[in-house]
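Number of protein chains: 2
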Amino acid sequence: KNEANGSNKIRRSVVVHDCRFENQEVKQIVLDTSGLDFNDFLQVVSKTFHIPSNETFVLTCTDRKGIDFDQYEELQEGSSLYLLRNEDQVLPQATLERIIFLPHYDTLIRSGMYEYYASEGQKSLPYAFAELIDNALSATSSNTGMRTIDIRLLFDESMGKPAVVIMDNGCGMTSKQLNSWAVYRLSKFTKGKSTFSNDYTQYVRPDPVPRSLNSDISFFGVGGKQAVFYIGQSTRMITKPACSPDVHELVISKEEFERKEQNKEDIYTGFIRNRKTGDSTHVTEEDERFLHGIIQEEAGKPSFTVVVVTGVQLEHITFLKQDFHLWTRELAHLYHYYIHGLNGNDMRASYRNSDCVSNIDIQISLLEKFPKMPRMVNLREIDNDMQTLYINASADSFEFKAYVDTEGTVEGILRYHPFLYDKETYPEDPFATPAVEEEEDDCAVHNHTRAKRPIFECFWNGRLIPYTTVSEFDWCALPKKAGAVPAECYSRISGVLFTNDRFQVSTNKLTFMDLELQLKSKDTLFTRILNGQEQRVKIHKEFLQWLKTCHEKWDKQVKFKGFKGTITRMDV
Amino acid sequence: KNEANGSNKIRRSVVVHDCRFENQEVKQIVLDTSGLDFNDFLQVVSKTFHIPSNETFVLTCTDRKGIDFDQYEELQEGSSLYLLRNEDQVLPQATLERIIFLPHYDTLIRSGMYEYYASEGQKSLPYAFAELIDNALSATSSNTGMRTIDIRLLFDESMGKPAVVIMDNGCGMTSKQLNSWAVYRLSKFTKGKSTFSNDYTQYVRPDPVPRSLNSDISFFGVGGKQAVFYIGQSTRMITKPACSPDVHELVISKEEFERKEQNKEDIYTGFIRNRKTGDSTHVTEEDERFLHGIIQEEAGKPSFTVVVVTGVQLEHITFLKQDFHLWTRELAHLYHYYIHGLNGNDMRASYRNSDCVSNIDIQISLLEKFPKMPRMVNLREIDNDMQTLYINASADSFEFKAYVDTEGTVEGILRYHPFLYDKETYPEDPFATPAVEEEEDDCAVHNHTRAKRPIFECFWNGRLIPYTTVSEFDWCALPKKAGAVPAECYSRISGVLFTNDRFQVSTNKLTFMDLELQLKSKDTLFTRILNGQEQRVKIHKEFLQWLKTCHEKWDKQVKFKGFKGTITRMDV
Ligand SMILES: Nc1ncnc2c1ncn2[C@@H]1O[C@H](COP(=O)(O)OP(=O)(O)OP(=O)(O)O)[C@@H](O)[C@H]1O
Ligand SMILES: Nc1ncnc2c1ncn2[C@@H]1O[C@H](COP(=O)(O)OP(=O)(O)OP(=O)(O)O)[C@@H](O)[C@H]1O
Ligand SMILES: [Mg+2]
Ligand SMILES: [Mg+2]
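Chains as they are written, first to last, in the numbering used here: chain X, 103 to 674; chain Y, 103 to 674.
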């Protein structure tokens, strides 16, 4: 019962299989090698197996290589050895060799590297941050007051080495939960069944809520780990659940794994430090002194979680500093409906429906060395993310629902961006890289519309899945034959889909598995939502009617007819 | 030193931390609970910590929940307990609690699910097969004779349950190598440093070879495991290295993991069966009787590896049967240059350069129940994969090389597909789904050309990375201003890039990380290869000259000029 990774020099036993004789059962005997050198061991073998002194034998590993002094020293605990007359002799009987195949620790520390660093290069760092925000959203979902998520980039060298800190005022973790945080691929679905069961009951899917903003954004049991090791090389989790006066701390780091490997210690063991709140006496390293401040903030908080990532990659630091507005905007985009509530960031709304106002504060601060000023932004303040642009440039909207199978539900909104006087109002991404943008179709209107881009951005449990878009449905696509509505009106719509987690996403939450495929199944049922009421209608007809109305009501083309010549008014 | 996953009912010790007194050091004592019920244990605690009988105390877990009879029984080996005066008391000192955080076994059995089941749905199954072919290519790379990779789909129920079998005549594995096969994320780069070191020397990158066809297609230490558990639920590895007379067998299965979890056994231990060749006496299950035949084939083979996957998902079986021609074609595409050699499948070549002929046979057989006939195909026979179509429809080619940094090398070929008489010869994918195909540009020529699709398919170490394409380079893109060559000629080129593994790919080998980004760096140096000779020239000019020549030499437009009217010849 020893799942050790290395040989134990002090106490070591090996299994010797006596395979010398064709017609004899293979006897296997466990021999304790502790304190024996190779010669001693050979003596013990001779004696144990009653080998006459005039009989020759060889002792090999199961790869049939004879053992010498050095190899003997290197043998691992529990190794199987063969006792043979000669090295090439056929085994009289099959032998069973006990092996251990613990996943390598790169499972934890390198997985994120390939998960996030998709074909998009540096742009993927915000998606690693998103995993930590996902966790904080889940943890704060039962909060009664504000849900505060505080991301601090501590890049002030006078305070110690660079660190990325993510704090939330959520439920925190018991020490058992903190332990299972570190277990790779232990998901909420498997927790119930596993040995960690005393801490968890079977996972219960949350009740349906509008636009699936259910804060239940955990799925695979990998996100947090992949994210922290994509950002840096060491993580300190500091957490306190409401039910206990103690704070729990766990450090997992690449360095620690390498040290354990070197010393042939168990790779997947560690220590949780349980301590009173505010106690930072264990922080003794000079370059970690920023931790004292963080730990002092614990006072008075009933529960919280702090993730401290150090060993941050240099290129990440550069990116986070230089492209601050870019990646914070991307986060504001991902969590648009969590931050702004059900109706999103409608800056024109004269009334603010209090039902829809969000209690989620996601605050980001970047601290550099004096005299550089700190930069701070609350994601709610960002008003140039694409959803904000779409919402505020829309004149009208069309809501619908799609049912796939029995449990897959999708809510959808289409928005109309009219032509006004002399230009399209369809919003353009001010930061789009030219490479991504498609060539404009020459036959279409001359300023910006959606053109051939997909209509829908897609949100999963309320959170944007950034690399999946849905182009269109047959009922809202430009018809082959010219119809009642001018073709260009079809390029004036943007859209959003909100799915629940019956639709699967990839482990890195960057793409849906097969959302479009499922939605385009012939069994998918569409209904229209009008004034909050669901209506079973012909969606195709409804849409066409809506689009026609939009065109007539909102598009305003000014044409100067009957040009007569230029006159100059002398009277002004 | 016990990295166990469960409690051991027979022998169990717990660590009791005496946290009763504010100003006293926390004493921690390991107590053996074996054979003690809860009351006995309380007695032992009282005695050990000298607690006066009139003093009350509570015993809690580190989550501060008091322990009762049931919880006591459930305590795991090595658990930490607190001895307190009351449950809310502040810890006088920090305690260290030993934890184990072994990755969950879903790491092995579910990872592939999300890796391959990308946004493409069912179409990803061939890419799981590809991981096993990758491994077989690596294993056979030192073969002197033929390299044979045999994929058999045993779907004949009269022979047992459905099985997918991949056999190769490569180097096989020693039992230690078979052990490390099972270690998730143990890559060739980490092997050298790890505890498995006695079997491996530090990884040596192979010398550069033309088009990077180096058969060195292992990278992450995950491919085989992800693939087999994406295909099915159980894997039997059967292998024999040349240096040993023994065959090694290892079974890893979902069922086995679940059983070990239930019985609280170590999750990551198992047994390798070492046996003589051809010995199938251990196969006793009726539904595995197809194994007898496979094991009988071992006779006389110096070394080999057989991967047997069972518990194959039903939808996979359906797909493999129904779309046989589709997925075999996709494999022929992935390995085109391994199967056909350096110059690819040029069916028009009058001579066959013996240097370029491949010794790799990838044979696929699908066996169903009589009277269904078996289907067999050697990937080399497939002549409708896109590379074959491109090669055979090309009239001319332009070879080049790109240097990125010091070690990234890319070889490239552009091919010209001329306009002939009345139509374009640019090959169309006969199986392309309409959804993927872009709308044809109305301004371009009226039959099929590349249109806006990317020019380059990309091969990594000679193997196609299917989801990454490179659109173009500035020197071969259609210039903004009309130039010496008609615009439509730019749509008549297809291309291939061959990279070495200095360019990173994602773990599932479906996408490059940032190939395009790197290639488009301003430091990238392009040279032209002409008649096998590298030339440092202005690539832009060379390309233009080549394209012009292609147009003049190969494009043949027939125009009927001076139409006079229809006449009827009465003399025939
Ligand atoms: N900020 C937090 N507060 C409380 N608990 C947390 C927090 N972050 C993580 N956890 C706990 O740790 C577990 C593991 O987190 P992790 O992000 O690694 O995986 P996951 O969220 O379960 O799944 P996914 O792979 O989808 O992210 C979570 O399920 C949750 O129970
Ligand atoms: N058919 C085979 N013959 C011999 N050895 C093999 C074979 N298949 C796998 N192996 C060994 O097992 C190891 C693990 O294989 P696996 O495919 O899981 O990972 P990998 O090939 O190392 O990396 P990647 O994730 O890129 O596939 C290989 O590195 C190789 O040493
Ligand atoms: Mg998570
Ligand atoms: Mg592999």
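In case anyone wonders, no lab produced these hints; they're calculated from the structure. Among the clues, some could well be false.
Intra- or inter-copy, both count: the list cannot distinguish identical chains.
To be verified - Here are the simulated BS3-like cross-link-like pairs (lysine-lysine), alpha carbons at most 30 Å apart as the crow flies:
#, residue 1, residue 2
1, Lys129, Lys403
2, Lys525, Lys583
3, Lys225, Lys582
4, Lys149, Lys378
5, Lys225, Lys658
Hint-by-hint comparison with the structure:
1. For a Cα distance limit of 30 Å, the shortest separation of Lys129 from Lys403 across copies, 29 Å, qualifies, whereas the shortest one inside one copy, 63 Å, does not.
2. Taking the shortest alpha-carbon separations for Lys525 and Lys583, both the intra-copy value of 26 Å and the inter-copy value of 28 Å come in at or below 30 Å.
3. Within a single copy, Lys225 and Lys582 get their C-alpha atoms only as close as 38 Å, which misses the 30 Å cut-off; across copies the closest is 29 Å, which meets it.
4. Proximity of Lys149 and Lys378 under a CA criterion of 30 Å is satisfied inter-copy only: 28 Å between copies versus 59 Å inside one chain copy.
5. Within a single copy, Lys225 and Lys658 get their C-alpha atoms no closer than 39 Å, and across copies no closer than 46 Å, so neither meets the 30 Å cut-off.
Going down the numbered hints, you'll see the structure goes against just number 5.
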